[in-house]
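Number of protein chains: 2
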Amino acid sequence: MKKLRLGIIGLGAQGGAYAGFITEGKVPNMEIGAICDIDPEKKKLAAEKYPDIPFYDDYIALIESGDVDAIVTCVPHYLHPEMGINALKRDVHALLEKPAGVYTKQVKELNDFAATKPELTFGIMFNQRANELYQKVKSVIDNGEIGGIRRTNWIITTWWRPQGYYDQSAWRATWEGEGGGVLVNQAPHQLDLLQWIAGMPKKVYSNVKYGYQRDIAVEDEVTALLDYGNGATGVFVTATHDIMGTDRFEILGDKGKIVVDDSKKVTIKRLKVPEAEMSAKMDMQDVMKIFMGTGAADIYDEEVLEFENVWGAQHTDVLKNFAANVLDGTPLLAPGSDGIQGVALANAIHLSSWLDKEVELPVDEDLYFAELNKKIEEEKTALVQK
Amino acid sequence: MKKLRLGIIGLGAQGGAYAGFITEGKVPNMEIGAICDIDPEKKKLAAEKYPDIPFYDDYIALIESGDVDAIVTCVPHYLHPEMGINALKRDVHALLEKPAGVYTKQVKELNDFAATKPELTFGIMFNQRANELYQKVKSVIDNGEIGGIRRTNWIITTWWRPQGYYDQSAWRATWEGEGGGVLVNQAPHQLDLLQWIAGMPKKVYSNVKYGYQRDIAVEDEVTALLDYGNGATGVFVTATHDIMGTDRFEILGDKGKIVVDDSKKVTIKRLKVPEAEMSAKMDMQDVMKIFMGTGAADIYDEEVLEFENVWGAQHTDVLKNFAANVLDGTPLLAPGSDGIQGVALANAIHLSSWLDKEVELPVDEDLYFAELNKKIEEEKTALVQK
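Top to bottom, those sequences are chains A and B. Using my numbering, read the first sequence as starting at 18 and increasing by one per residue. Using my numbering, read the second sequence as starting at 18 and increasing by one per residue.
Keep in mind that a hint or two might mislead.
Because identical chains cannot be distinguished in the list, a pair is counted as satisfied if it fits within a single copy or across any two copies.
To be verified - DSSO-like mimics (lysine-lysine), calculated; alpha carbons at most 27 Å apart, straight line:
#, residue 1, residue 2
1, K391, K374
2, K134, K392
3, K59, K306
4, K220, K374
5, K220, K155
6, K374, K219
7, K220, K392
8, K125, K306
9, K392, K374
If you're looking for bench data, these hints aren't it; they were derived computationally from the structure.
Sequences and hints are given; from them, build the entire structure.
So, in structure tokens, the structure goes:
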């Protein structure tokens, strides 16, 4: 079997994990072509663990080496678009780590360039799209099984991080280093899943807390109110200070409801008759019968599904799918161009809180970029004053 | 035992239920002193069911009859404050049905007048305050068992009402007849419980849907984002179009979390060490131990309580408590003056959606009244054009 030669840029936690998966044979259609890192410690590590694999301390050299067919960008968020463009420009396939970038202006450049290279594979590590649970939820919605969406509500506060996490490196949880907090680092998967499953909202209003429970410049808590423009609404809550974290995703539709608990259990209620029809036909006596008696069970069927998650399995699925797309044209689960949606959502949530008003999507990308740069400047001034 | 003689104003569903409870002896310290209704059908009904009880078709006559020590106002919302004032003015105790009124300007007049009559009992039918489940939740918060509140989140969409419910009477779900929809009619209990347990927010932003899934002028869906002014936030969602209604109330505190499911089950997690202290002391290795291993159980104790609700039991508890306050000074569970808080919250949620911006509490009561009257005028014009 022909194997895709992957260049791993960045041998940190994520890059190291991918190198491990590939070495252990968990991605049968992939091999490590080369590794790149600017940190001398990582060079030593690579020499010990992967002595036969070429190592570069310049990612352009890796791309141009001829050792790799594709790259994966396990580096700080800001660098993802630039590295993606530089790979595609040299006819090397690109798999981006999430998020696709920090601001849409940057991600749009990447997408525009990628569109000029349709013969190359451009993917993004939205490993949660490989999660069978969310695939099931998406198929139930796409098949119209619960009808048009009326309301979404996701509380995802299972991203607990102690202060020590933020203090590990100077770039962490800074505007200059990461371009945001929980929205950019921890929650991009849920932002992507939310839009993948329920579509993009038209308007966003947010209440974002910057350095609320942690000594950081960026956000550690987010409450966002979404308006889908067709009457449907949504709520998205995330935080890094809830050690008893909640993960509860509810979608109400015209013909049913889905509740996902802890990304493990899905409860699907399918109404036998669409709600609008029940509303039109029933009087209060019928209502009393349903709610006081045993009638409730008769109005919908309930399906409860439990899924077992193995950490890493979804990452290897995305790696396999990416390689298969290059090798035999298997459709991509997470096309790279999709990455802009989650970034657009995160940008809108930030911008609403900065402007203290509801914003329309897509937000003005130049305005966002200017406001982000203001935060970076403020942060530098604050550091100098410390 | 001495009994309080209650004058029931309005013999509709609610007034009829109270008459039934008292007649059946469920409120041992109360008897029906008189009944009032302007509907001749209700007069006939009273003559059949309560032939020995004086009947009035003018509530002032009932108050002045000498037949009653107190009244309860089972009449349209707008009339509650006026009736309360007229009773207290004549030295008759007053128990108001919820909501205390439709707009705070009106409720404030009532409260101001009631304050001049401290010797009289002035209560409100917040029967959910008699619910042991919510009493438990309040005591856990008040005792500081989960520390300061960081976040509240209540989805209460169990208020399903079909179109036929709204079509029963011309006044239903109109600005002139009720002054609002789900916020004024169905959700006042939760608005009161929310502020009773977690305090009043300082600012509110809302997305309110008027006539979204029903042919009504007022709101059938509400999403409100609360800001408590000290960093804490909240979300309140309610609707009348979800036949598979959700009732889930979550409170995150510095030292624990409470989750109430279906107003029946309470899960209380109490951290052994406050979250801020865990954040200060733990590194990511400790975190991995907790989340990957079996350590999670060690960081908190979990208590799960189930409560059985019997419809009506809480109403009789409030009636008993009200009578006991008059007869022997037992402290009131729901003082009438508390009623303004839920009205203030509902007004703020409406006003934010009308002005399309976040509003501070208390909202400008004259502005709210003026905006409400605009809605009433628009509604009249729309009716004429039909």
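Problem set entry | Which numbered hints fail | Result: hints 2, 8 break, sorted rising.
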